[in-house]
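Q: The listed protein sequences correspond, in order, to chains E and P.
According to our numbering, the stretch in the first sequence is residues 1 to 241, in order.
According to our numbering, the stretch in the second sequence is residues 242 to 507, in order.
I should point out that these hints are in silico values taken from the structure, not numbers from a laboratory.
Positions of the beta carbon are idealized from the N, C-alpha and C atoms, including for glycine.
Treat the hints with care, as some may be off.
[Claimed, not checked] Stretch-level coverage of chain E by chain P, calculated; a stretch enters the list once three of its residues show a Cβ under 8 Å from a Cβ in chain P:
#, stretch
1, 109-119
2, 185-193
3, 214-228
[Stated by the list, open to error] Here's a subset of chain E near chain P, in silico, CB distances under 7 Å, partners left out:
#, residue
4, 27
5, 37
6, 39
7, 103
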Amino acid sequence: MIPASPCQGQTIAELATITVIIGTVITILELERFASRRHGLADVPLASVTLEIRAGEVVTLSGPSGCGKTLLLRAIADLDPSTGTAALDGKHRDQYAGPDWRRRVGFVATDSAWWTARVGDHFMARPASGELSALGLSAAVLAREVSGLSTGERQRLALLRSLGNHPRIILLDEPTASLDHDTTLRLEALVREYVASSHCGVLWVCHDLKQRQRIADRAFQVHSGVLHPVDKSEPQWMLSH
Amino acid sequence: MDVIPLSYVDLLLAATLVLLLAGLSLALSLGITRDLLIGALRTGVQLLLVGLVLKVLFANGSLLWISLMALVMVVVATREVYARQSRPLAGSWGIGLSAAPLFVSSLTLTVLALLIIINPDPWYRPQYAIPLLGMLLGNAMTAVALGLDRLTSSAFEQRNQIEARLALGHPWRQAMSGLQRDSARVALVPVINAMAAAGVVSLPGMMTGQILAGTPPMEAVKYQILIMFLIAAATGIAALLAISGATRRLFDDRQRLRLDRLRPAP
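Work the whole structure out from these sequences, hints included.
A: Here is the structure:
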């Protein structure tokens, strides 16, 4: 008689598939000796970044202001020229047209910009009301004028605007800079949920140590122009001093 | 009928009016006295010089000399277009994108109008060719300068909006469509207004000149209509070429906004 296996009812093939999914780490974004070359500057603070972001992972980036975090995000989003290599889902950046790359690499800037008066006109597809309410916004916000929104409302809407493209990787530049604590937690939860359901990756610039502890799967700290992996609960001062 | 010739004394009389205005602006400390006097002086000197040049040119109307004159006019117009922009595209691209549209539109339309419509003998007869080119070039120059200036300065001011659209995956053409429309409108509004007001509000200069010279009014009017249409076409073509070329140049092959290609503001 065959002893009952712990995974009763599942075939060997099914078990194998599960193992493969759990066992393999799917890399989404791959950077190798990557650096911004904005305006042809030779002297970029973050001179050479080698980094992998895997499916379902939130990676945070911290460091003093002016250390090149935003420049790095802009370069990854291909808004500025860069050196080194960047690949998404195993394909080199050159294999994507610029706009295709940027749809898949969703960059959400700290200061969101809006190009027409009405909020709703900035969305290709109407965001689900669940997403809006998850961030504490009502569906009526889409009919409002951008000029009447608070910075925090704009910041949340900019995130939703970007998620509308179903990006494979999200680059967040201090997305909760103008949000209160409660809304910050809501936004973190929304990003977490999106990451879990879409298996995308996130590179999140954050200054707040507590936020880093809440959201980071892996954390990096910029120190003297180099990315250092840090324990996500390690206080920043240990590295900066 | 013949023109009543003006003596230099007549011109001096008119000049005293400008001097009076200069005195008035000095008394009111408007701060434009210097510019006014320099402008008046330039009008006198430049027009007298060009009169001498035209005199020689009309006496010796060879195609070579006329082409040379046309070339000089295009070069001066290009320089003017470049100088009137606060943040022009830097380097040879900036100059080329000012020069090529002027060259293509004004020169082509002048030649076409001479060969097909006006038909003087020979077709490059300087009495027709030079004033015609001058009018087309002058208007196209203003339009290109206005259009490019609006395009580059608003691309600079609205870089965050443009990059927000790029970051969402919009192609450069879509991200710039509003700005391009704006710039084209700014470039073309003066000529559209001039056409709308022609004859009602203002009597166009060329027509006035012809009438003063004794041309029958209806002939002068027909010439003016022809010129207006040619100006509109030359202006439109030049401005649209310049704006679309410059917009393309603001983006690289990865469709990134490249404001580093603009000359920094002084």
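Q: Hints first: check each against the structure and report whether it holds.
A: Hint check results:
1. 109-119: holds (count 6)
2. 185-193: violated (count 0)
3. 214-228: Violated, because only 0 residues of the stretch 214-228 of chain E bring their Cβ atoms closer than 8 Å to Cβ atoms of chain P.
4. 27: Violated - the Cβ of residue 27 of chain E stays beyond 7 Å from chain P, reaching only about 22 Å at its closest.
5. 37: With a minimum Cβ separation of about 10 Å from chain P (threshold 7 Å), the hint on residue 37 of chain E is violated.
6. 39: 4 Å, holds
7. 103: Holds, about 3 Å.
Of the numbered hints stated above, those contradicted by the structure are hints 2, 3, 4, 5, listed in ascending order.
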